[in-house]
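Participant: Make a model of the complete structure from these sequences and hints.
Protein chains: 2
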Amino acid sequence: MRNPLRICTENYDIHINDFKKSLKDLLEGKKYSSIAVLVDENTERDCLPLFLEMLGMEIPIIKISSGEIHKNINTCQFIWKQMMELGMGRHSLLLNLGGGVIGDMGGFCASTFKRGIDFIQIPTTLLSQVDASVGGKLGIDFMGIKNSIGVFNDPQTVCIDPIFLKTLPEREIRSGFAEIIKHALIKNENQWQEIREIKDLSQVDWHVFIADSVKIKRDIVQEDPFEKGLRKALNFGHTIGHGIESVFLEKPDFLLHGEAIAIGMICESFISNEIAGLSDKELNSISSYLLSIFGHQPLEKADFKAMISIMGNDKKNIGNKINFTVLNGIGKVSINETATKTLIIKSLEYYNGLAL
Amino acid sequence: MRNPLRICTENYDIHINDFKKSLKDLLEGKKYSSIAVLVDENTERDCLPLFLEMLGMEIPIIKISSGEIHKNINTCQFIWKQMMELGMGRHSLLLNLGGGVIGDMGGFCASTFKRGIDFIQIPTTLLSQVDASVGGKLGIDFMGIKNSIGVFNDPQTVCIDPIFLKTLPEREIRSGFAEIIKHALIKNENQWQEIREIKDLSQVDWHVFIADSVKIKRDIVQEDPFEKGLRKALNFGHTIGHGIESVFLEKPDFLLHGEAIAIGMICESFISNEIAGLSDKELNSISSYLLSIFGHQPLEKADFKAMISIMGNDKKNIGNKINFTVLNGIGKVSINETATKTLIIKSLEYYNGLAL
Numbered sequence: 001m002r003n004p005l006r007i008c009t010e011n012y013d014i015h016i017n018d019f020k021k022s023l024k025d026l027l028e029g030k031k032y033s034s035i036a037v038l039v040d041e042n043t044e045r046d047c048l049p050l051f052l053e054m055l056g057m058e059i060p061i062i063k064i065s066s067g068e069i070h071k072n073i074n075t076c077q078f079i080w081k082q083m084m085e086l087g088m089g090r091h092s093l094l095l096n097l098g099g100g101v102i103g104d105m106g107g108f109c110a111s112t113f114k115r116g117i118d119f120i121q122i123p124t125t126l127l128s129q130v131d132a133s134v135g136g137k138l139g140i141d142f143m144g145i146k147n148s149i150g151v152f153n154d155p156q157t158v159c160i161d162p163i164f165l166k167t168l169p170e171r172e173i174r175s176g177f178a179e180i181i182k183h184a185l186i187k188n189e190n191q192w193q194e195i196r197e198i199k200d201l202s203q204v205d206w207h208v209f210i211a212d213s214v215k216i217k218r219d220i221v222q223e224d225p226f227e228k229g230l231r232k233a234l235n236f237g238h239t240i241g242h243g244i245e246s247v248f249l250e251k252p253d254f255l256l257h258g259e260a261i262a263i264g265m266i267c268e269s270f271i272s273n274e275i276a277g278l279s280d281k282e283l284n285s286i287s288s289y290l291l292s293i294f295g296h297q298p299l300e301k302a303d304f305k306a307m308i309s310i311m312g313n314d315k316k317n318i319g320n321k322i323n324f325t326v327l328n329g330i331g332k333v334s335i336n337e338t339a340t341k342t343l344i345i346k347s348l349e350y351y352n353g354l355a356l
Numbered sequence: 001m002r003n004p005l006r007i008c009t010e011n012y013d014i015h016i017n018d019f020k021k022s023l024k025d026l027l028e029g030k031k032y033s034s035i036a037v038l039v040d041e042n043t044e045r046d047c048l049p050l051f052l053e054m055l056g057m058e059i060p061i062i063k064i065s066s067g068e069i070h071k072n073i074n075t076c077q078f079i080w081k082q083m084m085e086l087g088m089g090r091h092s093l094l095l096n097l098g099g100g101v102i103g104d105m106g107g108f109c110a111s112t113f114k115r116g117i118d119f120i121q122i123p124t125t126l127l128s129q130v131d132a133s134v135g136g137k138l139g140i141d142f143m144g145i146k147n148s149i150g151v152f153n154d155p156q157t158v159c160i161d162p163i164f165l166k167t168l169p170e171r172e173i174r175s176g177f178a179e180i181i182k183h184a185l186i187k188n189e190n191q192w193q194e195i196r197e198i199k200d201l202s203q204v205d206w207h208v209f210i211a212d213s214v215k216i217k218r219d220i221v222q223e224d225p226f227e228k229g230l231r232k233a234l235n236f237g238h239t240i241g242h243g244i245e246s247v248f249l250e251k252p253d254f255l256l257h258g259e260a261i262a263i264g265m266i267c268e269s270f271i272s273n274e275i276a277g278l279s280d281k282e283l284n285s286i287s288s289y290l291l292s293i294f295g296h297q298p299l300e301k302a303d304f305k306a307m308i309s310i311m312g313n314d315k316k317n318i319g320n321k322i323n324f325t326v327l328n329g330i331g332k333v334s335i336n337e338t339a340t341k342t343l344i345i346k347s348l349e350y351y352n353g354l355a356l
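So the protein lines, in turn, are chains C and V. Here the first sequence stands for residues 1 to 356, where the numbers follow my numbering. Here the second sequence stands for residues 1 to 356, where the numbers follow my numbering.
Every clue listed holds true.
Which copy is meant is left open, because identical chains are indistinguishable; a pair holds if it fits in one copy or across any two.
BS3-like mimics (lysine-lysine), calculated; alpha carbons at most 30 Å apart, straight line:
hint	residue 1	residue 2
1	K31	K228
2	K21	K228
3	K63	K81
4	K341	K31
5	K228	K81
6	K146	K30
7	K81	K146
8	K31	K146
9	K332	K228
10	K20	K228
11	K146	K63
12	K251	K81
Simulated from the structure, these hints should not be mistaken for laboratory data.
Facilitator: What follows is the structure, given as structure tokens:
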């Protein structure tokens, strides 16, 4: 099960499983003047030793503190400064070893250092392996708004090894699994049927699911690299999910991204059932499977208003309509649909009712 | 002499002279959700009233302090914050009204705000009209290194009106004129012959010279947008010129960019004469014309070492050779040539000797 797999995108390849040879070939071909690796304290401890062994050489590290809270312009300045002090220049390479924060911020720093140097993404969480590895979205949070400063840019290559997942808590795996489910729901009913067989996340051989999921995202992004249309399909579950995630940031029992998206997918499936032709049977199948994996997190009625207000601020809205991506059926999406606040509240109440 | 002129590049058009109609058409076609204009205290006073009259509408302004010293990440954060507070989003437009600092930094802020929004450059100095209006180089200074953080990105359009030049001190005009001379020297002997007729800068009708100069740069950049090869032709005069400019930054009688480049072109013409076939007659014609316009600024021998050290740090060097772009004749360049330190010193001494 460790055969190297390669997924091609327009501008770069994604290597899954044993990427040692592909990485070595790329480095030899490019003859970089210098190389550094960006890590946080977790990936330094859990992933770096294994990665350096694969790489077969010692390289300088740039180490930042983990967590979304550090995905900001101050950390960028620290990274740029380190790159300068290491003497990195236009012909240097930055390796980003970590989850979404490392990939987004490291990619942004590389894309803006000396007007852009090469970088390679080595995502180490399930979420970043299936989500951040395609699409070229890089950036940081600014003034409390997620990803509000950034660029679109592609890495030289992406190296995914499911071996890094062994270092993750099960909750992190489950969070990434939500994006795999989403990709199947919007584009591939067969994959959805396979996914539904998964009961115990600790027993999954992830590389096939990662590969299929990455291919779905690759196909969507390829048709719409700058998010002008079709790519909004990927927002399924994210309008409501993002509203829930933001409100829970203020609470002691915060939700991981995928946990919030799982709730968002249930609510938006309810909306899809009401306005877009998703059948009752499909809605029930989605809701019951997601509950079986993610459990149920009651939402407080008092928070509904704040959640909806955040949905209204999403940067993908034009004017004051709240945009949704809905399912016409499993594997079929419509973008640019809108829902009323009343219907959104109904969907949140539907989710709450599922616990009964 | 106020007929609109249009120069097309691969991704956008450059409008020279009366750009009112072109700008209006673009704004009507694009239906931006909001528009703001970036100015400094000089362009707010000297250029904004005229520009708003052309535009025919009132728009919010974002105002920063003028000068290269403010071209940094702190000012970017101020600009991004203002953009957020104005409610700007992906479908907004930023107009950059000013010289190189406004264009470089405003373009960078627009290119990174919400992963990139549209921007239009309205360069108001001769230097930025002929130099910064083509090529997509955007960015800021960081840790004392010029333009070390930035991106390559194109504006929606560039609007050049020589009328703004009337607000500039003659010294600024002369500085921009150095780049016009450079463009002719590297690519167009006929233009060089026309330029040599210019004796009094206050009597020049600039729009034709701007248009010809922009076309030269456009042709070079088009063949090499990311500065991998041919574009280095534009570095003529800049290796030594940049070393001189940096050393003079520490002195009370600092040099404007073009003034330093004029000296750099004389020195690098000397090197071209020694190693690349530029004839004695051509060297003399370049030196004597540049002296007639820029006068002579004696260089201190004690500074030569520092100047050469800065040349060695240029981000375009690979390894420790000092790269030069040299003239094989007027209108003909060779890139990737190298010169020894001895020869560089000889060229600085040649320049000093011209005062005798």
